[in-house]
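Number of protein chains: 2
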Amino acid sequence: MALRKHVIGTFERVFQSYGFLPWETPTLEYAETFDGKSSEEAQTLMYRFADRGGREVALRYDLTVPLARVIGMHPDLPMPFKRYHIAPVWRAERPQRGRFREFWQCDVDTVGTAQPSADAEILAVVSECLTAVGFSTYRIALNNRKTLSALARYSGASPGQAGHIYRSIDKLSKIGADGVRAELLNAGLAAEASDRVLELVSIEGENAEVLDTLERYLAADSEGVSGVREMRAVLDLLPCFGVEPRACTVDPALARGLDYYTGIVFETLVEEPKVGSVTGGGRYDDLVGAFAGRPLPTVGTSLGLERIMEVLEELHLTPAPRVSADVLVTVWDENALPNALTLSMELRLAGVPTEVYLGAPGNLRRQLTHADKLGIPLTILAGPDEHARDEVTVRDMVTGEQRPVARHGAATHLRAMIAATQETPA
Amino acid sequence: MALRKHVIGTFERVFQSYGFLPWETPTLEYAETFDGKSSEEAQTLMYRFADRGGREVALRYDLTVPLARVIGMHPDLPMPFKRYHIAPVWRAERPQRGRFREFWQCDVDTVGTAQPSADAEILAVVSECLTAVGFSTYRIALNNRKTLSALARYSGASPGQAGHIYRSIDKLSKIGADGVRAELLNAGLAAEASDRVLELVSIEGENAEVLDTLERYLAADSEGVSGVREMRAVLDLLPCFGVEPRACTVDPALARGLDYYTGIVFETLVEEPKVGSVTGGGRYDDLVGAFAGRPLPTVGTSLGLERIMEVLEELHLTPAPRVSADVLVTVWDENALPNALTLSMELRLAGVPTEVYLGAPGNLRRQLTHADKLGIPLTILAGPDEHARDEVTVRDMVTGEQRPVARHGAATHLRAMIAATQETPA
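Protein chains in written order, with this note's numbering: chain A, 33 to 458; chain B, 33 to 458.
It is worth saying that the hints were derived from the structure and are not from the lab. What you were told as hints is all true, and nothing was included just to trick you.
Over the 12 Å line for every Cβ pair with chain B, so calculated as not near, a few chain A residues:
id : residue
1  : P277
2  : L349
3  : A451
Incomplete in silico selection of chain B near chain A, CB under 10 Å:
id : residue
4  : S49
5  : V89
6  : T142
7  : D358
8  : V363
9  : I408
A few chain A residues that don't get close to chain B, going by computed Cβ distances all over 10 Å:
id : residue
10 : Q75
11 : E262
12 : Y292
13 : S309
14 : P327
15 : D428
16 : T431
For glycine and all other residues, C-beta sits at the position ideal for the given N, C-alpha and C.
With the sequences and hints as input, model every part of the structure.
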């Protein structure tokens, strides 16, 4: 929980620094909302049931279709409209005992503009989010659906085979060129068409070279050319956002699964360890407009919170965020309780998160163990001796060192101690 | 959304200052989890359906039964264990078109201790939360289930009639003594029993007097006496938490609906306007232990986020929290875009949440309208004149005043301007 709070808090700060607003949609949607708006797979994996009025409802499968529905209901929203939403979604994949398919998504979208600056900003936000939580070895892979459909046409495959092409080339890094070729032939592509697909998706080099080469190949296909130019425009703007050019590389094989993308698509890959993509998104210019009844070009991304937390934990990239109190005030005996409570309130008022032991008073060993289990770094002991001297004893739970502190002004003293601890790098 | 974020953020700060940890449970539970653990009403209003493995699941109806289940699964948790959870729950009440019965709850609980200091702390947390969001005219009403069951025995009613008594006296402030008497007679209580009930629930005066009188009436009932003594112990500790004694008043008629309470029960009533209870809770010593298979006395409360937000809005108690950016950087034309993006990044790095206009460049009127709609207080204009002078123009969107600022150092300047604005009381 602490790590999730930390990651979410970090992402929210980044989103808000760019002016993205928190905007939440309900957990339950009428099932019909998803009809024709989500893939067949989504339809299969959606939790659907009848509400008490007998209408079929569904637990949201993603945060995108609900966004589109709600935007459609608010014709007066200022455009471009930028929102984020961090919340659970549900997919009924392989249920196991005690384990439901609930996981958190984190979406950030800019609705109502087709400008490449909006695309570049989403990439900058992704980059800043990942840097802010501690990643250094990640790479944004960029492609464009327009280029991809031009590639399918260029290959000479029939229009009905485009979907097969996207699905196969997306696996290039996993199954290699031979694997992709085998899949394409298996799907009924001619050998020549397969070769032409592989020719294009294997283009390598600096971004500018890759884009130039692609543009030469696709010169006769105006949609393909505009896809290339969109990528060029986005890449040109990234330095203005402080994103290093090498953080984002054009990958002509990147397709991504969702049907609704219409322009750039991208994924962020964590390279060390090789966990695959931790974020993914793109431009989808038709989905929101379909609900709103007017064109509302949109670009957005999902950050995979669960995956990101897993990687952070595996890499020990994030200091264990502590949400427990800074101080535990122990309770010497029943008579010491009012003083302990009063001291704990003084500490809170001084800005120090403070827990007072709420179990049976006495038994200090149990209380110190309690602090240890919770990871509370400082404890306060105050028995009859301390009381007589108008002091309390502060115990550092890490070193075991104890020192007396005047009862009067204990709050100020402890606040300084904690500030000093927090300045020490982890 | 902004108000919800503000209220939740405020509550979280208070909870964490007392050492409560964020601890979340899933949205879906196996339906059987709720069997025998929640009221008949809860069973009726629960959204239940079969998962893909064919097992019946339910959307959580409250945050308490799921807490109890999860605590039962973690035998090694340090006790007392203090957690909070802020999340939606679902109740299938009167479905209306487009309106689902999803609402947010905010729960805070201390598990594993029967000490009155834990009860007092929960009341202190409630009081501090309400004060922190701006309430001044609220009152915590306090009673004890042990006293109530003693009252039922004292009346001479049959044990089966206790539930009727609780339900009726809980309405005393709404329907008056005559209304309560009529309900009791209607439920089959003898006239004498009804009179004895009303005699006790009508006790008035300072807390000490009310408790003394109750204890005299119930002197022969040891459970009743211990209920009174528990309330006395809690009230004695409140001043240590800085809670004024008059903020909490003993109300012998307070019953609260939930079956699982075993000790103190309490509600917070907002008196101006008379909206009824905005928080409610109590001690429930048996529910958590039933899952854990060992005694785990627990005290906790729910804060009704929706109700609290409604009241805050109605009373204008909270300044409209602004989550939009502090600055909109406008884009003079296509050529000015890179400079606009670069400036906006400088502002963000200087800690100023900044939106850059992402629609088509040019048309400044549209961009200023955009800032107005979003409530962004400052805009930056930079055309060829400003560019020539190496300046930008800062426009105060409230006063309409414009002033030139050197481009170099604009971030520092704007940060100071915003800090100055924020120091001005609303």
